[in-house]
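A.B. asks: Letter by letter, the chains look like this.
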Amino acid sequence: MQWLDGLIQGILLGGLYAQYALGMALMFGVMRLVNITHGDLVILLALIGISLASTFSMGPWSVLVVLVVLGAVIGVILQRLILNRVVGADPLPSLIATFGLSIALQNAMLQIWSADTRSLEGGAIVHASFQLGPLFVGVLPVIVLLTATVLTGGLDVVLRSTRFGRALRAASADVEAAALTGVNPKTVYTGATAIAVAILGFAAVFQSLRSTVAPADGAFQLIYAFEAVIIGGMGSIWGAFLGAMALGISQSIGFRIDPGFGILAGHLVFLAILALRPQGLLGKG
Amino acid sequence: MTQAFAASSDETMQQPTVRVVRQTRSSLIAFAVSIALLVAVASMPLWASQGLIRDVVELCCYVTVAQMWNLLAGYGGLVSVGQQAFVGVAAYAMFVMAQLWGLNPFLAVPLSVIVPAVVAAITYGLLHRLDGPYFAIGTWVVAEVLRLATSVFGYVNAGAGMSLRVMSSYSPMERAVGISLLSALMLLVAVGGSYLLLRSRYGLALVAIRDNPVAAASQGVNVGLLKFLIWVAAAVGTGLAGAIYFMAQLRITPPAAYSPTWANVSIFIVMVGGLGSLEGVLIGALVYFVADRWFAQYGATYLVVLGLLTLVMALFARGGLWGLIQKVTNASWFPTRRILLEDKP
Amino acid sequence: MSAPLLSTHGLVARYGDFQALYGIDFEIAAGEIVALIGANGAGKSTLLKSIMGLLRVAPDMVKLDGRPVGGTKPHRIVAEGVAIVPEGRRLFVGMSVIDNLRVAIDHAGRPAANGWTLERLYGLFPMLKEKQAVPVQSLSGGQQQMVAIGRALLSQPRVLLCDEISLGLAPKVVKEIYQSLPSISEAGTAIVLVEQDIGLARATSNRLYCMLEGRVSLTGRSAEISREAIGEAYFGGAHAVA
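Protein chains in written order, with the working numbering: chain A, 1 to 285; chain B, 1 to 345; chain C, 1 to 242.
Think of the hints as simulated: they come from the structure by calculation, not from any bench.
Hints should not be assumed to be uniformly reliable.
Subject to a maximum C-alpha distance of 35 Å in a straight line, what follows is the list of computed DSBU-like cross-link-like pairs (lysine-lysine) [claimed, not checked]:
#	chain 1	residue 1	chain 2	residue 2
1	B	Lys327	C	Lys73
2	A	Lys186	C	Lys131
3	A	Lys186	C	Lys63
4	A	Lys186	B	Lys227
5	A	Lys186	C	Lys129
6	C	Lys73	C	Lys175
With the rest of the complex left out, here is chain A (with noise of 0.2 Å):
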């Protein structure tokens, strides 16, 4: 029974980890880049969350459209000022760029909140459950892996079949070909990061609903992302979703099987993956 509680718990803490990997799955896809402060956005979107809440006694439901919108804003923002800047076939200036506004951001959080862990207040729905045959089962882990289902199959639909998804995957297939069709390269790639950082406005405010965050808690949610989004296969927004599936089972269940194993046995699938199916689940040959 333990174990069916841990494969449960962990697929709902997939949910939470998804969120954290689309976004990196869909900017990896169409710019080749990682942006290392994709945690520390978790991170600060949570805590600015926190703050607002507490300051303008808001409820969750209301911070989470303000942090999306923020996101999303955050995303145009971090794109034209410096991701565009860096954008190209050597991964080397976008790491080092992203790696040292990372340090920034984490430390100039740290001056604002201190280094304190903080949550969200959100009520009753926090601590509801409901029993499913012999276990109990929280509503907002629930909430969270639906929203999380719901955004990838919505993302999904995006690529598939809007004009904006469209010049997307051509972008991320040939992106000089896809300026030689009319598409704008850097409207595609402020698109992108809108929506990835947007994406990360739901895992903060679920994040900080479920437990705490702290100032130097994003390298975390950075490397949570990336091996969800190398466990399901790269490129793949549902590989993406899957993989953090995968991330949270184990961790899950490692954890059940020590405390001090859980975040380990997550590290440790990963690398598993990398060196059986180093294409990941869902990635082709």
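Here the structure of chain A is known, so what remains is to put chains B and C in place on it, guided by the hints.
C.D. replies: Just chains B and C, lined up with the frame of chain A:
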């Protein structure tokens, strides 16, 4: 295209006499200064205070770790944000050999680099499957795995860490002599070794890989093997610095040994000093060291500035300070490239 | 001749330190088919890239309707009415035929009175309609080339640049593709044809330019230029001496 060259070769029939030169006056001066500095580091117990020795050893470790990162990113095209993995495993290996196995600690330092070499060889097999930026994050995961694994490993006292109590059997002078000699040796290996490597035909091949991997491969350069070797060599150098650093600290814990600060500092030093040059690393290390002494009291604000400076360098001055200096003076302290001089008839 | 639709004026282009083009003067009028021939490395593709804004050139070096457009970003040039069928086709791998075409429709310039529609394109290449839903990478080389041409046409070009569209295709397919060109130019679209096959280029075009080592070595009406003149312009003085 071939015709363009065929046509022009007629006009240049009488080839001008040229010499290939790598030594310049400034490089000779720099060479002399480096030797003097090495001697100064090695002889610190004779003239320096305990505090100064500690500072200089720390600076030597930064220079080494940064130079290894420079070798990876500036020449090998391998961007790592997880070099702390090698700092940590080497330092822990040294503690185990000296404290648990009773080996002479000064001998344990050079021996300990076997462990990062093995770890590097194994992890490269996995990491090289990751594309460009993902390679970098992969190195971070490896460092995290090692940190977490060390934290639950009872043999090395898990999360509580270890103390190097065997050092108390040496007098302060003996310790100072040992650590100063080891630091000088480390600088010689890291900076001198990189210099020789970059001047060798392997160095040329590395530069070729950096500038155009496809073309280098088509010219018969074994890109994969060279990248692997440089990855392992950098792990060895980084590990050596880790072992020396924690020997000076006398204490080790998983969070300190595998601290991301090592990656932060290397990246800052190389990016501010100048990627792909030895001079840049030396300049960057000095800038970092001075900044750290003067501004570290401002804590987080100081790190915000450090991070933003790295960002600005990546955006606007990829050659770092050394690149800017070279634009003005065109002098090279450690010339690794060849200069063609045309002799007047 | 009527005023040129697209022209270049002393166009100079370089890749880093390497100068590839030394002052190219070129022009094409609406409805014309102009061939661009020359040996490998003569600068034909470089000229097309410069026109499309992929290489940095001064504004006055490229003019469209007499307006300077040199150095304009590729997606803006497309919106201005210049489209290219790139060398090697460069289709969007992983996307279906129809999605490849839709990218062009989504970002097309001002459509002309009788602009290109999917219907009209399917009339030209019926295969495209049958294979709509098929991923482009599973098509044959000739079919892929038709998608590439279709994609360029749906950008509603006034000038269509074709970079080596016969390369690597079976003669029968080449013939089929070349037969489609007159019906494209009849509507007023100017076509620039970069072509290795000199005979084919000459037969299809109204005028031709021959390039040699980054310069125009010969230009004139295709029907009036002799094979010998082309041979000399193609291989340069070295050939004449040999």
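A.B. asks: Determine for every hint whether it applies to the structure shown.
C.D. replies: Do the hints match the structure? See the list:
no.: 1; hint: B/Lys327 to C/Lys73; verdict: holds (31 Å)
no.: 2; hint: A/Lys186 to C/Lys131; verdict: holds (31 Å)
no.: 3; hint: A/Lys186 to C/Lys63; verdict: holds (25 Å)
no.: 4; hint: A/Lys186 to B/Lys227; verdict: holds (33 Å)
no.: 5; hint: A/Lys186 to C/Lys129; verdict: holds (32 Å)
no.: 6; hint: C/Lys73 to C/Lys175; verdict: holds (34 Å)
Consistency note: the structure conflicts with none of the earlier hints.
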